[in-house]
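S.K.: Each chain is listed here by its residues.
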Amino acid sequence: MSFAKPSVLPGFGLTFGFTTLFLSAIVLLPLAALTLAAASMQWSDFLAVVLSARALGSYRLSFGASLLAASINLVFGSIIAWTLVRYEFPGRKIIDALIDMPFAMPTAVSGIALTTVFAPTGWIGGLLQPLGVQVTYTWLGVTLALTLISMPFAVRTLQPALLEVQGELEEAAETLGARRFYVFRRIILPTVLPALLTGFTLCFARAVGEYGSVIFIAGNLPMKTEITPLLIVIHLEEFDYQGAAALGVVMLAISFVVLLTLNLLQAWRRRRHVRAAH
Amino acid sequence: MAAATPPGTLAGETARPGQHTWTHRLVRWLFIAVTLAFLAALLLAPLATIFAMALLRGLPAYLRSLADPDTLSAIRLTLTTAAIVVPINTVFGLAAAWAIAKFEFRGKSILITLIDLPLAISPVIAGMVFVLLFGLQGWFGAWLQEHDISIVFAFPGIVLATMFVTFPYVARELIPLMQQLGNDEEEAAITLGAGGWLTFFRVTLPKVRWGLLYGMVLCNARAMGEFGAVSVVSGHIRGVTNTMPLHIEILYNEYNFVGAFAVASVLTLLAALTLVVKTLVERTGYRRR
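Quick mapping for you: the protein sequence lines, in order, are chains S and V.
Count along the first sequence starting at 1, add 14, and that's the number in the working numbering.
Count along the second sequence starting at 1, add 1040, and that's the number in the working numbering.
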């Protein structure tokens, strides 16, 4: 293993070999199959599937609702993270533990529960009905489901960043007469900015591929409330494997862009850390 | 999924100048109120609904719907799948963490990104890739049919799809933990003449056991709850290839709400148990990053 630095510890060959082999078999090979299936299509056929009106409609909903959900989580995730980090109140520990619930719960369970609560006959949907707000079977419901399942990403990314904000700096600024908003803009915001962007990207990444929780609340009308993952499933159910693969490649490309963004953000955070240490 | 707020945070610490003015108090109550309202509407109301709907017709009806043969077979299939997937992904996670945390080699960051890849990919795609490989019109479809092996729309497909989506969970917990703990103790053990396996079982494993447990619990929760990927490969054959989440969908679409929410309540309790383990593990002092 000439590409690895020598070490007294044993087992590099075994563990590295097993890791790469297993990774290739379970993840990389299947993904290569997907790409090849799409690549075997005629270019015009590929475009016909990927740019069909129905596909474009599904992108609009998937991207629009995911961006909206990530933005909502940016705002409310910041408020929740700030509350949990800065304030002491009864039940804080339980609330803090509950934040991870959308991660631990199966998406199908979140989906049917949200649909029931926000249906016109449900606890909250019943209150919204007289106001003329219809949540279930509209894009609003899709956004709501995506907000719920991606919420922990925003809170959990921001919490450690808010802990890093140096209290002494804030105190010094306030002692010197800085207003609260000025302290927020010049001290708190710069410290948490990378975490905010990372949280937003993670929320978006999770939301755009989500399937289980959305299909129950969406109504799944073509062009209106049909997300891209569902359109892939519909292609598969019609045994149109190539069409499904074509849409799959589009989604895969988005995942790669998101991963690249995340890696760049991480590098940015690390550089700032190094600079802050000097 | 980072750590919970450690004690000794800024909450309730020293009084800063002007902290007790009425604006501060107003902002404080506003923030707490918004947090509680947001979580109540989006998280607590759905959670309460699950149990309210499951117990709508009383406890006997709830228990009866859980004892339904199709439901029982769904529970059995889900447990079997998790019992296969979690141990395999644990062994993988340990191997990956050992290679990545203990050694320096070129391309390490690429390897870490590739291990995390399944988290960035839609579950629907995770299921579809196996249909493309092993489905009737897939790459190995003809060969598999000749030899009378079914993977897609059968149990092996469910296991493969679940393995794909839960692939990174154990490795992700262990890699940062093992990197943080360093190599000193392992190097000492090896230098003193301990073998590789002995060092692993007696030195490394005890150090990372809480992180390992947390990774396995997360892996298990996702394995038992996965819907999208499994839905694509399962074929929805009632009593045969129906896992618990898929069974929830079928019951829900049949308007059997008590049945659907009864199964959902079992999975919700499992999720709550996962969070309890997480909280306990964090209390032992183990913290990610």
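It cannot be assumed that every hint is accurate.
EDC-like, lysine to aspartate or glutamate: derived pairs with alpha carbons at most 16 Å apart [claimed, not checked]: (1) S/Lys107 / V/Glu1227; (2) V/Lys1148 / V/Glu1227; (3) V/Lys1247 / V/Glu1227; (4) V/Lys1142 / V/Asp1108; (5) S/Lys19 / V/Asp1188; (6) V/Lys1142 / V/Asp1110; (7) V/Lys1142 / V/Glu1227; (8) V/Lys1247 / V/Glu1144; (9) S/Lys19 / V/Glu1322.
In case anyone wonders, no lab produced these hints; they're calculated from the structure.
S.K.: Between V/Lys1142 and V/Asp1110, does the CA-CA distance stay at or below 16 Å?
M.R.: It is violated: about 47 Å lies between the C-alpha atoms, which goes past 16 Å.
S.K.: Is it true that the CA of V/Lys1247 sits at most 16 Å from the CA of V/Glu1227?
M.R.: Judged against 16 Å, a Cα distance of about 14 Å means the pair holds.
S.K.: Does V/Lys1142 pair with V/Glu1227 here, judged by a C-alpha cut-off of 16 Å?
M.R.: holds (10 Å)
S.K.: Within 16 Å, alpha carbon to alpha carbon, are V/Lys1247 and V/Glu1144?
M.R.: violated (21 Å)
S.K.: Need the status of pair S/Lys107, V/Glu1227: alpha-carbon distance at most 16 Å?
M.R.: Violated, at about 39 Å.
S.K.: Check whether the Cα positions of S/Lys19 and V/Glu1322 lie no farther apart than 16 Å.
M.R.: violated (34 Å)
S.K.: Take the C-alpha atoms of V/Lys1148 and V/Glu1227, compute the straight-line distance between them, and say whether it is at most 16 Å.
M.R.: Judged against 16 Å, a Cα distance of about 21 Å means the pair is violated.
S.K.: Under the criterion that the straight-line Cα-Cα distance not exceed 16 Å, is the pair S/Lys19, V/Asp1188 satisfied?
M.R.: violated (47 Å)
S.K.: Please work out if V/Lys1142 and V/Asp1108 have their alpha carbons no farther apart than 16 Å.
M.R.: Since the Cα atoms of V/Lys1142 and V/Asp1108 sit roughly 50 Å apart, the hinted pair is violated (cutoff 16 Å).
The structure shown violates the earlier hints numbered 1, 2, 4, 5, 6, 8 and 9.
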